[in-house]
Structure formats: structure tokens, C-alpha cells
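*Asks:* Taken in order, these protein sequences are the chains called P and D. Position one of the first sequence corresponds to residue 0 (numbering that gives the first Met the number 0), numbered consecutively onward. Position one of the second sequence corresponds to residue 0 (numbering that gives the first Met the number 0), numbered consecutively onward.
Be careful, since some hints might not be right.
Since the list can't tell identical chains apart, any single copy or any two copies may satisfy a pair.
Derived lysine-lysine pairs resembling BS3-like cross-links, with alpha carbons at most 25 Å apart [stated by the list, open to error]:
#1 Lys317 x Lys12
#2 Lys103 x Lys262
#3 Lys228 x Lys255
#4 Lys2 x Lys103
#5 Lys12 x Lys255
#6 Lys262 x Lys161
#7 Lys300 x Lys19
#8 Lys103 x Lys255
#9 Lys34 x Lys255
#10 Lys12 x Lys155
#11 Lys255 x Lys155
#12 Lys34 x Lys2
#13 Lys271 x Lys226
No wet-lab data here; the hints were simulated from the structure. None of the values given here were measured: they were computed from a predicted structure.
2 protein chains.
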Amino acid sequence: MNKILVAGTGITKFGELWSKSLRQLALEASLLALKDAGLSPDDIDGVYVANMIAPTTSGQSHLGPLVTGELGINVQAVHIEAACASGGTAIQLAAESIKSGQNKTVLVVGVEKMTDLSTPDITAALMQASDDEVESFYGANFAGLYALMATVYMDKYGLTQKDLATIAVKNHHNARLNPNAHFHNSITVDDVLNSAPVASPLKLFDCSPISDGAAAVILTSETNVVKNKVKVSVLASSSATDSLSLCNRQDLTSLKSARLAAKNAYQQANIKPKDINVAEVHDCFTIAEVFAMEDLGFYEKGMAFKGIRNAETTLSGKLPINTSGGLKGCGHPVGATGIKQVIEIVHQLEGTAGDRQIPNVRYGLTHNVGGSGSTCVVSIFGI
Amino acid sequence: MNKILVAGTGITKFGELWSKSLRQLALEASLLALKDAGLSPDDIDGVYVANMIAPTTSGQSHLGPLVTGELGINVQAVHIEAACASGGTAIQLAAESIKSGQNKTVLVVGVEKMTDLSTPDITAALMQASDDEVESFYGANFAGLYALMATVYMDKYGLTQKDLATIAVKNHHNARLNPNAHFHNSITVDDVLNSAPVASPLKLFDCSPISDGAAAVILTSETNVVKNKVKVSVLASSSATDSLSLCNRQDLTSLKSARLAAKNAYQQANIKPKDINVAEVHDCFTIAEVFAMEDLGFYEKGMAFKGIRNAETTLSGKLPINTSGGLKGCGHPVGATGIKQVIEIVHQLEGTAGDRQIPNVRYGLTHNVGGSGSTCVVSIFGI
Chain P
0 MNKILVAGTG ITKFGELWSK SLRQLALEAS LLALKDAGLS PDDIDGVYVA
50 NMIAPTTSGQ SHLGPLVTGE LGINVQAVHI EAACASGGTA IQLAAESIKS
100 GQNKTVLVVG VEKMTDLSTP DITAALMQAS DDEVESFYGA NFAGLYALMA
150 TVYMDKYGLT QKDLATIAVK NHHNARLNPN AHFHNSITVD DVLNSAPVAS
200 PLKLFDCSPI SDGAAAVILT SETNVVKNKV KVSVLASSSA TDSLSLCNRQ
250 DLTSLKSARL AAKNAYQQAN IKPKDINVAE VHDCFTIAEV FAMEDLGFYE
300 KGMAFKGIRN AETTLSGKLP INTSGGLKGC GHPVGATGIK QVIEIVHQLE
350 GTAGDRQIPN VRYGLTHNVG GSGSTCVVSI FGI
Chain D
0 MNKILVAGTG ITKFGELWSK SLRQLALEAS LLALKDAGLS PDDIDGVYVA
50 NMIAPTTSGQ SHLGPLVTGE LGINVQAVHI EAACASGGTA IQLAAESIKS
100 GQNKTVLVVG VEKMTDLSTP DITAALMQAS DDEVESFYGA NFAGLYALMA
150 TVYMDKYGLT QKDLATIAVK NHHNARLNPN AHFHNSITVD DVLNSAPVAS
200 PLKLFDCSPI SDGAAAVILT SETNVVKNKV KVSVLASSSA TDSLSLCNRQ
250 DLTSLKSARL AAKNAYQQAN IKPKDINVAE VHDCFTIAEV FAMEDLGFYE
300 KGMAFKGIRN AETTLSGKLP INTSGGLKGC GHPVGATGIK QVIEIVHQLE
350 GTAGDRQIPN VRYGLTHNVG GSGSTCVVSI FGI
């Protein structure tokens, strides 16, 4: 991939933001990113908006011109949807648009407004990302689908509920150090194990929350646009897909889409999994972080438990994962999540991650999953 | 833009297709396009799905992996939404992905399943494309918004209801010659003028219908993939935006997004409006075809009526417009419309447009609008 730089980032608080609308959140993150980049709206050639369920939650689609209209510009603007991987997908397509020569400087903003709906209603809305004909129609939900995968994996590889709980504890710990995170409460392994069952073996604290929030990144091919800051490059961005429904998969202990996207991304960036210093992965449920640890090549198949038990993915471990707090601790406003992951990696590469800063970061990776693994986008960033 | 060729096209019947699901329609068009191109699913590197309201009408988002899953492939797949300009936008982004080097051969499929909902429900769903805060919330609908624009235009430039009716008559005439069109009934100017008022001055026959349908195009940079057929190139694809709401526009007699997109497209293709031999434009309401005739540079501002009265845009006129029947006659399954426009232009360039064939077509143009002009994509094709 040609040189594509991150010119600026902006992010809102994640959480239950009842006083802010979808539009306000998208605009807040966009303006913060423009300010961070030292750019004005007129410097932007294209706008990519990541969102999954605004039509259902806010009665609003056509989010491209929603954003350009508020910014007072008339450039190309599109809404990208790939369920919970909408953010990562928008980053990929924005990078493609720059590489194609169509655009030079692009705003990518992800937003979701979820907490206005009741829990049953938002759970049903999220199931639009599953297979309507064989999953959601029959009452399945994503906790149940991931619980099925967790059951198969745990039976085959000996992973325990305590291992899963350890992931949630780590991610809540990291979120406490992130001012924008949804949750700032510490939890213990016992808290997780004693929390209410959602879909066995997954407990309440194995599940990421319903959040509002927005995040924005400005990408550019103009090196002179990036001033007075560390030059972070998009080294790779690749995605792959798998069947919408679990029943069409050959293996429930891994996401094929993630393995394919990762393989291509490593090739594009010309590096190996062992070169990655920090990763943001899609822990919508704790079991999903286990899958990511293996699908991304960080651990051999069935061996993620060793990394968990040895605390290798904590802030002081050899490969910190989800320093932002992940979806579990930082929150999961769906369209914003993939962009938030990129922002965290950019901050780690810039050395601006505050109390969560990892030393000597050269390469960082994001892993953004849609549905039960039907889409996965893997991007690699470096300095 | 580098050489991007059309490798194949596929389209379903447009209409009230109660026996076919969203998924069946998307798959039918995709398989027809693959067959036309002489390709198998394994030849496809990326899938771009254009759709506006499947989450509302079919409880289904995440249409990228819906299509790849059905085709049995695991490549990049994304859902693009830009209201009624979703199809044209997907074409543009697919072309960008090829130009960026990310993909070589891409399937672009647009689909919409609309007739399962009641008229009030589908009208409300379509209003997700307007500004929720200042338009749809207050009960506006698109017929009303276009009627406002028509009123201003007709008052300023002397266009008559009979002129508008003449457009509907032309488009129904062309649709009669198109086997896939929603409508095959001839209408007269009196039929239009005597039809029920929907939002004055627009009558029932000034309005495009609610339709089901799907359309697919395969684009490729591999010239050896296109065998035994006329090589049609994508010469330009450009889009622009304007405010979501009419109240933020300075001029209601033209679409700024269309003027900007057209200007850029002509520059990319290095041709002038007078070079275009045939155009498919977004006649969601008859007044919208009038705007297109001027915004695309075919007629001076306020002068479209001359072209209408002189029958210059009929099949035998100097610049045939909407030979497919347009949205009015061919139907308007939202996500499919922008792709259907491209297919009609490709057929005209190939010389395979049957009874609708225009002689000596060298350049064709598509004009696809979202909302009340908040998005417009203009693409130019040539041989």
C-alpha cells in the first residue's frame, strides 16, 4: 500500500450519553479530529461514515450528507455498513480511496446511538447482522451464538470460565486508565464468575455493553499535512468474510474471516505476527478475544489460555491486547468501535496513550469483527 | 481513471415480486452477471452491495457476507448506503477499489425488497434518507419535498404540468420496450394530468413506484477477462453531496450535488456534455428529470422545457434520456436503481439494448440521486 498517514484523531466519551444525539456525537468526533489534525472541513476530500443501526435507533440513514451537511462541505460522502465491523471497513475503504487517487485527505467517522432503545429492542436490532432466515428469526441472539462457539472451544481445548473472566478483568483494568471508556470500575475474577448467566458459559461480565459514542480518524496521502506529530502510517488493511450463519461453518473454534484477513494484512505490511507490539481486538464477548489471539497468529491453536494465565496480554505483558479497555471495558458503540481501535493504536504509536502507554511500540494491529465472524477487518499501523 | 471494464451484467425483473426474497433477488442478479461475464464466484475479489432499507423491510443488514456466503466465497464484502444513490455509490467505490490495486474483479450488486411493507410504512422507511430532525419528524415525505422544488422551478421558469407529464409518458413508452421494467402500460399526457394529486403539482403518474428488484455489474481491470463482447469502460465516476434538508439550500431549482458531480465526471472522462449520446437519470419524480437535464449540462438553466416540447429526449431524439424507462417506468427498487442505470448504458454501448437501442452510441452517462439531492453520483461510460 502507498504511504497513507494518520493526520488526526477525535473521540467522544463512550457510555450512556442520553443528552447527545447521533448527529451531535458524529460531529463532536469529527471536529475533534479536524482540530487534532490542524485542518478545516474544506481540507477534506471525502467522508466515510461507519454506522450499523441508526435507521432503526434514530430513524436516520444517509449519514454521508448528514456529516458533510453539518460540516458545510459538498464532497463525496458515503455510509459504510458491515455490522460491528463497520468502522474497520470504513477505514479500509477510505484507505483504498486515497490509494486510488480519488481522494487525498479523508475523514472517517464511526458513530452509534444505542441506549435510547430498550434492551430487548436493541438486542433485536443488533440481530440484523446475523442470518435472518436461520438465526434471528428463531430467536437467536449474539450472546447465544458466541456461547455456542465458546462451548465447543472450551470442550476441545480445556479453556475455563476463569480464563474468560481473566480477560474481562484485564479489559476493565485498562478501561480505568482510559478517560473516554464506558466503564471505570475494577472487577475481579470472582465478580465475573458470580455475575448473572447470559448464555452459558458466558456471564454478564463476559459481554460487552450497549454504548453510545463516536470516533473519527483523518487519513491523508499528503505528508506535509501531518505537522508537529509522529507520522503514523496505515501499513495494511484487509478484510474477509464468512457465512452469515454459524450453521454453515466447518469450525466453530476460530473465525475463518479473521485468519484470512490477518494473513493478507501481514503480507501487505510485510511483517510477522511476532512483530506486533500492541493489538486492539474485537472482544464483543470474552471468548472472541481468545479466538483473536489465535486467529491473528499470536498463539498456536488452542494455546491462548497460556497467554491469559501468564498475563502476557496485560499492559506489562509481552503483547498487550486491548489497552483501550476493549469492547468490554471501553464500550461498544458499534459503528464507532473499529475507529476507536485505530485511535488507540495511533496513540500507542505516537506515545500519547497516557497511563496506558506501552514502551517501544513500532507496530500495532486492529481486529474488527462483524456478526459472529461473518466479516473481519485487520489493519496494521506503524511508525 | 485507469482502464476499468464492465465484464458482465445481470438484472432481475423489477416489480411486485412477492414470491422472491431479498436474498433470492440479490443472488439471481449476481449469478446472471457472473454467467454473462463467463466467470465463477472464485474469480471475484470483492463484493459491493448497494441497499438502503433491508434492515427495516427484511430485518437484515450485513449484506456483504449475505452475498459472499451464498456464493461460497470469503472475499472482502461491504454494504454501501447512500439512500437512493446507493447503487451509483457502490459502483464508484468498487471502481476505486480496483484503481487502488486492492481488487482486480469486483461484483457490485444492488437490491431492494420494498413491496412487503404497506405504503405508509415504506414511505416512512424511505424518509430515513431525509433529515430526521427537520423533515421526516414533521411528516414531510419525498413527494412533498420534490413538489416544493417543482413549485419554485415552475414559477420561475414557466415549466408546465403538461411538460412534466410528457416526461412520464416518454418513460412509460420506453419501459414498454424493456422486458424487465415494472410497468408495461402506455400512458397519455391526459392520463397523467387526470391522475390523483399526490403533492401538488405532482400527480400520481409524476411519481416513480415502489418496486422489488436487483441488478448486478462486474467490473474488472483484467482486459483478458472480457471476452467475446464489446469492451465498455468506466471513464469516470464522481459524487458530491449537499445538505440533507431542503431548508439549508440556497437554490431549490437545481441540485448542487449533481452539478458538482457532473463537473468532476466530465473532467475525469475529458469530454463535454454535448459528447454524451444517451443518459439514464434519476427521475424519482418527473421534476427530477428536468433538474437532471440542466444540472448535467445538456440544457441551459430554465431551458429544459424546450427539450421536452421538441421531443429531444425520446428514443429518436438527439439525446435520449431514460431509455430503460427510468425510475418512473422501469421501477425503483432503491438499492438496485443506480446499478440498473449502468446496465442500461452498458447495453446501449454494446448494442444489445434490443427495441430500445440508440444508434452510434459512443458515450453514456448515469445520474443517481439520494434523498432530495443530498447525494448525487455521476458516472460516464464509453467504448
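*Asks:* Taking the hints in turn, state whether each one holds.
*Replies:* Cross-check of the supplied hints:
{"no.": "1", "hint": "Lys317 x Lys12", "verdict": "neither (29 Å within a copy, 58 Å between copies)"}
{"no.": "2", "hint": "Lys103 x Lys262", "verdict": "between (27 Å within a copy, 19 Å between copies)"}
{"no.": "3", "hint": "Lys228 x Lys255", "verdict": "neither (37 Å within a copy, 37 Å between copies)"}
{"no.": "4", "hint": "Lys2 x Lys103", "verdict": "both (11 Å within a copy, 21 Å between copies)"}
{"no.": "5", "hint": "Lys12 x Lys255", "verdict": "neither (33 Å within a copy, 35 Å between copies)"}
{"no.": "6", "hint": "Lys262 x Lys161", "verdict": "neither (30 Å within a copy, 61 Å between copies)"}
{"no.": "7", "hint": "Lys300 x Lys19", "verdict": "neither (43 Å within a copy, 42 Å between copies)"}
{"no.": "8", "hint": "Lys103 x Lys255", "verdict": "between (33 Å within a copy, 22 Å between copies)"}
{"no.": "9", "hint": "Lys34 x Lys255", "verdict": "neither (39 Å within a copy, 28 Å between copies)"}
{"no.": "10", "hint": "Lys12 x Lys155", "verdict": "neither (39 Å within a copy, 49 Å between copies)"}
{"no.": "11", "hint": "Lys255 x Lys155", "verdict": "within (18 Å within a copy, 60 Å between copies)"}
{"no.": "12", "hint": "Lys34 x Lys2", "verdict": "within (22 Å within a copy, 38 Å between copies)"}
{"no.": "13", "hint": "Lys271 x Lys226", "verdict": "neither (30 Å within a copy, 40 Å between copies)"}
Comparing the model with each earlier hint shows violations of hints 1, 3, 5, 6, 7, 9, 10 and 13; every other hint is respected.
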